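K.L.:
Here are the chains, one letter per residue:
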Amino acid sequence: MAALAWLAVLSGTYIIYPWYRAAPPAGTANLAAYPRSLLLSHPATSQWHLIGMEWKEHVAWLVPIAITMAAFVAIRYARDLGRQPQLRYALHGFVITSLFAAGIAGFFGAMLDKNAPVDGGNIIQVVQGGKQ
Amino acid sequence: MSTHATIVADTHAIVPNGSGAAAILAAGIGSLVVAVSGIAADKSPSLKSLFSIHKPTGALSGETTLAILVWLVAWAILEVLWRKRNVPLLRINVIALVLLGLSLLSTFPPIGDLF
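Just so you know, the protein sequences line up as chains A and B, in that order.
The first sequence begins at 2 in my numbering and counts up by one.
The second sequence begins at 4 in my numbering and counts up by one.
Quick caveat, the hints were computed from the structure, so don't treat them as lab data.
Fair warning: there could be bad hints in the mix.
Claimed, not checked - Once the Cα atoms are required to be at most 30 angstroms apart in a straight line, the calculated DSS-like pairs of lysine-lysine come out as:
hint, chain 1, residue 1, chain 2, residue 2
1, B, Lys58, B, Lys46
2, B, Lys51, A, Lys115
3, A, Lys115, B, Lys58
Note that the structure is a prediction, hence the values are computed from the model and not measured.
Modelling step: build the complete structure from the supplied sequences, incorporating the hints.
P.N.:
Structure representation (structure tokens):
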């Protein structure tokens with residue numbers, strides 16, 4: 002679960018998010034390929050970025066931190082957790098809060114994608130090199 | 004009629020809670036840094052530029068990298084200090100959960116914008 006949480010935030014931050022926030026070239030009329038700019042171009046959709054994306058991009062990062070801690074404590078204490086109620090309470094608090102944070106990120110991810118789908122680039126450029 | 008009872012002593016030693024407390028408090032600190040660095044970058048153009056260590060991702064790359072570094076360093080230091088000790092876990096839990104709650108609230112833009 003911790004590994005999946007890291008995979009989700011790292012792929013979201015370094016693969017999907019750059020597509021979402023790509024700036025359109027000056028004079029671009031059709032913003033369909035530029036989700037952030039598309040949302041901000043209309044007052045009716047701008048809040049999806051200003052609240053939804055701004056919250057989602059940060060709150061999602063609380064999840065892997067909390068779940069990694071929970072995994073560490075669960076492995077480190079194993080059966081001892083049954084005799085350490087304070088540790089269990091903290092784990093419950095962090096795991097429940099992180100599930101809530103994941104829910105926020107998931108909800109806004111889905112709604113943002115409905116209003117301005119991220120299609121990704123047609124060209125995947127791994128390294129930016131100079132002209133030969 | 005006699006009753007025979009066998010009492011098995013639980014000789015398994017309880018692991019000191021310090022290691023768990025270190026992980027819990029460090030997670031609270033790391034979470035708060037996610038929120039604080041996001042707010043700071045929003046308020047300061049120079050910090051925003053400084054945090055943009057991966058241009059396509061922008062300031063989010065630096066904000067989260069800083070949070071991960073602070074989290075791991077805090078965890079390592081607390082682990083070294085507390086791993087063989089029992090620490091007042093209730094107080095540490097309260098502090099860590101308050102930090103986590105503050106992080107959750109202050110990542111919400113209308114609240115983050117108040118700072």
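K.L.:
Are the hints correct? Go through all of them and say.
P.N.:
Going through the hints against the structure:
1. Annotation: proposed proximity of Lys58/B to Lys46/B holds, straight-line Cα distance about 19 angstroms (limit 30 angstroms).
2. Of the supplied pair hints, the one linking Lys51/B and Lys115/A holds, its CA atoms being roughly 29 angstroms apart against a limit of 30 angstroms.
3. Proximity of Lys115/A to Lys58/B is assessed by CA-CA distance (about 26 angstroms); at most 30 angstroms being required, the pair is judged to hold.
Hint compliance for this structure: every hint is met.
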